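Chemist: Given only the sequences and the hints, what does the whole structure look like? Please build it.
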Amino acid sequence: MSFVLDIVTIIAVSAGAFFFLAGTVGLLRFPDTLTRLHALTKADNLGLGLMVLGLLPHAGSLRDGIKLICVWLIVLLAGATVSQLIGYVARREGSRP
Amino acid sequence: MTFASMAFGSMTFALALEIVLAAVVLTGAVWAIAARETLPAVAGFVAYGLLLSLVWVHLGAPDVALTEAAIGSGLTGALLVGAAARLRLSEVPMAVEHPGVILRMPAAVLSVTVAAALAASVLLLPDPAPTLAPSAAENAAATSLGNPVTNVLMAFRAMDTLLEKIVLLLALIGVWSLAPDRFWGGRPGPRHYADPQGVLAFVARVLPPVGIIVGIYILWTSADHPGGAFQGGTILAAMWLLVMMAGLTDAPPVGERRLRLLLLAGPVVFLVIGLSGLAFGDAFLAYPMAYAKPLILAIEFAMILTIAVTLGLLVAGPPEREPGS
Amino acid sequence: MSAATVFGLCAAVAVGLGLYGVITNPQPLRKVLAFNLIGSGVFTFFGVVARRGAAAGFGGDPIPQALVITGIVVAFSATALAIALLLRLFQATGSATLRADASTSAGSHPSKL
Chain A
10 MSFVLDIVTI IAVSAGAFFF LAGTVGLLRF PDTLTRLHAL TKADNLGLGL
60 MVLGLLPHAG SLRDGIKLIC VWLIVLLAGA TVSQLIGYVA RREGSRP
Chain B
642 MTFASMAFGS MTFALALEIV LAAVVLTGAV WAIAARETLP AVAGFVAYGL
692 LLSLVWVHLG APDVALTEAA IGSGLTGALL VGAAARLRLS EVPMAVEHPG
742 VILRMPAAVL SVTVAAALAA SVLLLPDPAP TLAPSAAENA AATSLGNPVT
792 NVLMAFRAMD TLLEKIVLLL ALIGVWSLAP DRFWGGRPGP RHYADPQGVL
842 AFVARVLPPV GIIVGIYILW TSADHPGGAF QGGTILAAMW LLVMMAGLTD
892 APPVGERRLR LLLLAGPVVF LVIGLSGLAF GDAFLAYPMA YAKPLILAIE
942 FAMILTIAVT LGLLVAGPPE REPGS
Chain C
401 MSAATVFGLC AAVAVGLGLY GVITNPQPLR KVLAFNLIGS GVFTFFGVVA
451 RRGAAAGFGG DPIPQALVIT GIVVAFSATA LAIALLLRLF QATGSATLRA
501 DASTSAGSHP SKL
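Chains as they are written, first to last, in our numbering: chain A, 10 to 106; chain B, 642 to 966; chain C, 401 to 513.
Just so you know, these hints were derived from the structure itself, not from any lab. Every value quoted in this text rests on a predicted model; they were computed, and no experiment measured them.
Taking lysine to any residue pairs in the SDA-like style, the calculated list, with each CA pair at most 20 angstroms apart, reads:
#1 B:LYS934 <-> B:PHE921
#2 C:LYS431 <-> B:LEU744
#3 C:LYS431 <-> B:VAL671
#4 A:LYS76 <-> B:PRO850
#5 A:LYS51 <-> A:ALA31
#6 C:LYS431 <-> B:PRO681
#7 A:LYS51 <-> A:ILE95
#8 C:LYS431 <-> B:ARG729
#9 C:LYS431 <-> B:ALA749
Modeler: So this is what it looks like as structure tokens:
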């Protein structure tokens, strides 16, 4: 059983790392602010979410698992807010990077 | 033993990861120094600070990791971004002042020398390392706190913590005294406005309750687990700054009596308990063993209020509006 | 070569980088930033010493760790004071430079808020 959990962890964390990599590549390669924000939100939502999902089987207790999920939710909230604010300013200034 | 075998003889996967972490940290540091414009440099610095808190976790110091992430890169980053935004108009004329090779070469030589000297002293640290951990463990029974760092901060080196609070207050008085005379006692910073239906106002309504609980929890749990009054106070200060920046509340006038009482609460409670240690116990800041934990908790609760208000006001800056406006 | 040594070398390089930044960057804000880099490098050095002092069941010597926590808070308050001074200089003279012969007509209007 713990072998299956380990496999799940490895797959989920690797997938999360892949999304982080994709987000970073997008940040470096995309031409302007709005597209870069789009790339970063993929890293935030999917990348971190998959990593948290992968770490849940190894969390010490139910409370630690809930803490992990709360971390993900707060990061989502903060990331979404900042992306919207940056996007608003970027559009207003004619996407000066 | 050659250097290569000394360096890589015991290479494990964990060590390889730590080398990678150190390399990424240094990339952030190089970016912070070498970036052309200030805002990217500040971004590099904040990234460097957050990665540095990972380094602290690897060094087995979770309390310091919390402090570095919260104050070292979080609040300092906020301060630097605010200053960079205000100084943006002066950047273009100052970019002309590019230092020539005459300054860069000796500076580079000096920096390399200092770094090499520090690196040599790292490699030459005595083995076995001298440590005070055994005496910290021996005396831990005096306060019945489980977290050794909190023990040191609040019991063994309580004098340092008391003086640190006073240093914070002195820095705040220094910041306030930079205001023009007509603004003395007024509100710091401009009045912030945000769309009440917008995202910032929404987050400033949703996040602070969570943040306050997390901040007080970090204080409460510092008795036995990693945490502390400074880390919790920083989170409270950050929530207050968020609410101020969203325009949901205005910064208080710095001459307000209630504000100044809050600022004094921490050091005064600390001082009173310390002096009562002198009167009823052995020495200044000596806690009687039976009451050590409640006294420390009382001090910490007063401290977290003062720390939150002081850190928030340090980021908000000197008064910029007249009192009574 | 243990983890502590790796991070100790990292701290030494960070101090060197910070020192270079303080000396060569003309803008005071960048100098403050580089100074913070020096500070965090020195704190990491403390952390290395603390890690090597792990004994008596602790993961690290708690006394240097407590000193570093105090140090980080004091470094932040010093940075806040430095930034406030810098912004006031900018307000009063219109340019945030430390050069004595800088013209005050460069940049924006003095005492503009």
